[in-house]
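Peer 1: Each chain, letter by letter, is given below.
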Amino acid sequence: MAMTTPGPVRVAFWHAAVFKRLWVTNVLASIIQPLLYLLGLGVGVGSLVNRTSRATDVLGGVSYVAYISPALMVTTAMALASTESLWPIMSGFIWKRSYHGIAATPLGAGDIVGGHALWMAARCVVAAGAVAFVLAFFPEARDWGLIPGVPVAALTGIAFAMPLMAFSILRKNDVGFAAMNRFVIIPLFLFGGAFYPISQLPTWTQVIVKFLPLWHGVELARAFTVGDIGGSASLGHVVVLLCWTIGGSVLSYRFMRRRLYV
Amino acid sequence: MTLVLRMLPPTLRDVRRPQRMVGRNVVAYRRQWLIIFSGFFEPLFYLLSMRVGLGDLIGTVKVGGRAVPYDEFVAPALMAASAMNGAVYDSTMNVYFKMKWAHIYDAALATPMSAGDVAVGEISWALIRGQIYAVGFLCVMWGLGLVGSPWVLLALPCCALIGLAFASVGFAVTTFMRGLSDFELVPTATMPMFLFSATFFPLSSYGSWAWLAQLSPLYHGVALVRAANAGVFTLSSIGHVAVLCAIASVAMTVAARRLGRLLLY
Numbered sequence: 000m001a002m003t004t005p006g007p008v009r010v011a012f013w014h015a016a017v018f019k020r021l022w023v024t025n026v027l028a029s030i031i032q033p034l035l036y037l038l039g040l041g042v043g044v045g046s047l048v049n050r051t052s053r054a055t056d057v058l059g060g061v062s063y064v065a066y067i068s069p070a071l072m073v074t075t076a077m078a079l080a081s082t083e084s085l086w087p088i089m090s091g092f093i094w095k096r097s098y099h100g101i102a103a104t105p106l107g108a109g110d111i112v113g114g115h116a117l118w119m120a121a122r123c124v125v126a127a128g129a130v131a132f133v134l135a136f137f138p139e140a141r142d143w144g145l146i147p148g149v150p151v152a153a154l155t156g157i158a159f160a161m162p163l164m165a166f167s168i169l170r171k172n173d174v175g176f177a178a179m180n181r182f183v184i185i186p187l188f189l190f191g192g193a194f195y196p197i198s199q200l201p202t203w204t205q206v207i208v209k210f211l212p213l214w215h216g217v218e219l220a221r222a223f224t225v226g227d228i229g230g231s232a233s234l235g236h237v238v239v240l241l242c243w244t245i246g247g248s249v250l251s252y253r254f255m256r257r258r259l260y261v
Numbered sequence: 000m001t002l003v004l005r006m007l008p009p010t011l012r013d014v015r016r017p018q019r020m021v022g023r024n025v026v027a028y029r030r031q032w033l034i035i036f037s038g039f040f041e042p043l044f045y046l047l048s049m050r051v052g053l054g055d056l057i058g059t060v061k062v063g064g065r066a067v068p069y070d071e072f073v074a075p076a077l078m079a080a081s082a083m084n085g086a087v088y089d090s091t092m093n094v095y096f097k098m099k100w101a102h103i104y105d106a107a108l109a110t111p112m113s114a115g116d117v118a119v120g121e122i123s124w125a126l127i128r129g130q131i132y133a134v135g136f137l138c139v140m141w142g143l144g145l146v147g148s149p150w151v152l153l154a155l156p157c158c159a160l161i162g163l164a165f166a167s168v169g170f171a172v173t174t175f176m177r178g179l180s181d182f183e184l185v186p187t188a189t190m191p192m193f194l195f196s197a198t199f200f201p202l203s204s205y206g207s208w209a210w211l212a213q214l215s216p217l218y219h220g221v222a223l224v225r226a227a228n229a230g231v232f233t234l235s236s237i238g239h240v241a242v243l244c245a246i247a248s249v250a251m252t253v254a255a256r257r258l259g260r261l262l263l264y
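So the protein sequences, as listed, match chains Y and X.
45 is the number that numbering that gives the first Met the number 0 gives to position 46 of the first sequence; each next residue is one higher, with no gaps.
51 is the number that numbering that gives the first Met the number 0 gives to position 52 of the second sequence; each next residue is one higher, with no gaps.
Any given hint might turn out to be false.
[Claimed, not checked] Covered, in the sense of this in silico footprint (three residues per stretch, anywhere, with C-beta under 8 Å from a C-beta of chain X), are these stretches of chain Y:
1) 28-36
2) 39-48
3) 52-65
4) 197-211
These are calculated hints, taken from the structure and not from any lab test.
The beta-carbon is built from N, C-alpha and C at its ideal position, and this holds for glycine as well.
Next comes chain Y alone, as it looks inside the complex (with noise of 0.2 Å):
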């Protein structure tokens, strides 16, 4: 590592360090996982959903595998990247104290944040690529617009890794993550417009919805598929995602830099 190389950078090195031993398990996860849902839910739900006219309505005419598959890669980041950043984010601080020992050195805070969305995105990157190749040996699902998909997964992982970030720094103790999980990020994957559009769910449900990062992603992955990429909806998107991961990492580093120094 040169003499250059930027604080945020040095931590995200020092992050794929400590993955080398663990990425074999967590790679497979990341391809096996949305494998499973393309065919239990893909295949399999899509052979009862397809037989309908009102479901060629609703999806706009792409079949079931279609409608879900640039999907199935932006929840892959989201999971990854929220799981990443609850008890990860409690070990630098209690269990391995790691974060106290990146501050001894001459990096800080926001090193520590902006590492930390470095390695974010660089794991979501691998997770949805993988997904994407897998999805490339489904005719149905196989398309050029997976590819583009991929950074709006990430961008949509670290929208997720940046927040949970700034709400992991204030925790004390991990009780709160499993209903973060449990209430947030779960709901969010059943309801968050993955497996049917959102048009389907009552007006205050797509309120929530619309607020929060997943919707977002998933059109905009879904726009590049199905072609209709472009105009003011996609520009809306792209926005939205920015906002929830630059608010977040404000919020990651003043928080951070309390919970170290002060």
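Place chain X on chain Y using the hints.
Peer 2: Then chain X, alone, in the frame of chain Y:
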């Protein structure tokens, strides 16, 4: 009677006070009721998501010659699947944590309790917890109008049987675990069962792969709960019960033997 007793593994012969183990768990969870309470919501979210989103797209599904709405088709399957998930979670991660880190069983064995008490007590606790979820889920199904017949009450003992079978398997598997990383294999086993046990789509959709779904132990549980909700039991129901009982008894024997060896020597 003596013959039956002799067939039992030695660890299970001296079961005298398993209720102490259950009592310990009740006291311990008083501070962590949120963990138990939140477990109820996962199947509920799945049910609601399928109901509002896919129910409208799919319409009805044919089960045993009868067309039922999609949410009524999925609800009993989710009930069976959550009985499995709860039992597996309780008997793998939780048991491992108590055994290796918290050393709760070592403490229990320092009292007049036996290894059999620990095993039976822990499995009973998992079953009690599972029954609470099952009753709650049944109330929700009834509230949403997804109950097909009064026979649905039989779904509760069915869920207990599913819980018993999977808790025993989980327990037995946990005694072979070498470290935390081995637990990453657990979802690898439960997730395919959750998705491919005729849970979300009927056996007829599997085409020539139907035998694969029937290999899954959860398939038998799903079929039982679904039969209870429809109020239509056939000869095959007996087969499903037999499969689950067989799994439970084999796994329990293995678990009791291994646990005795792990804890006492």
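Peer 1: If a hint holds in the structure, say so; if it doesn't, say that too.
Peer 2: Okay, the hints, checked on the actual structure:
no.	hint	in the structure
1	28-36	holds (count 5)
2	39-48	holds (count 7)
3	52-65	holds (count 4)
4	197-211	holds (count 3)
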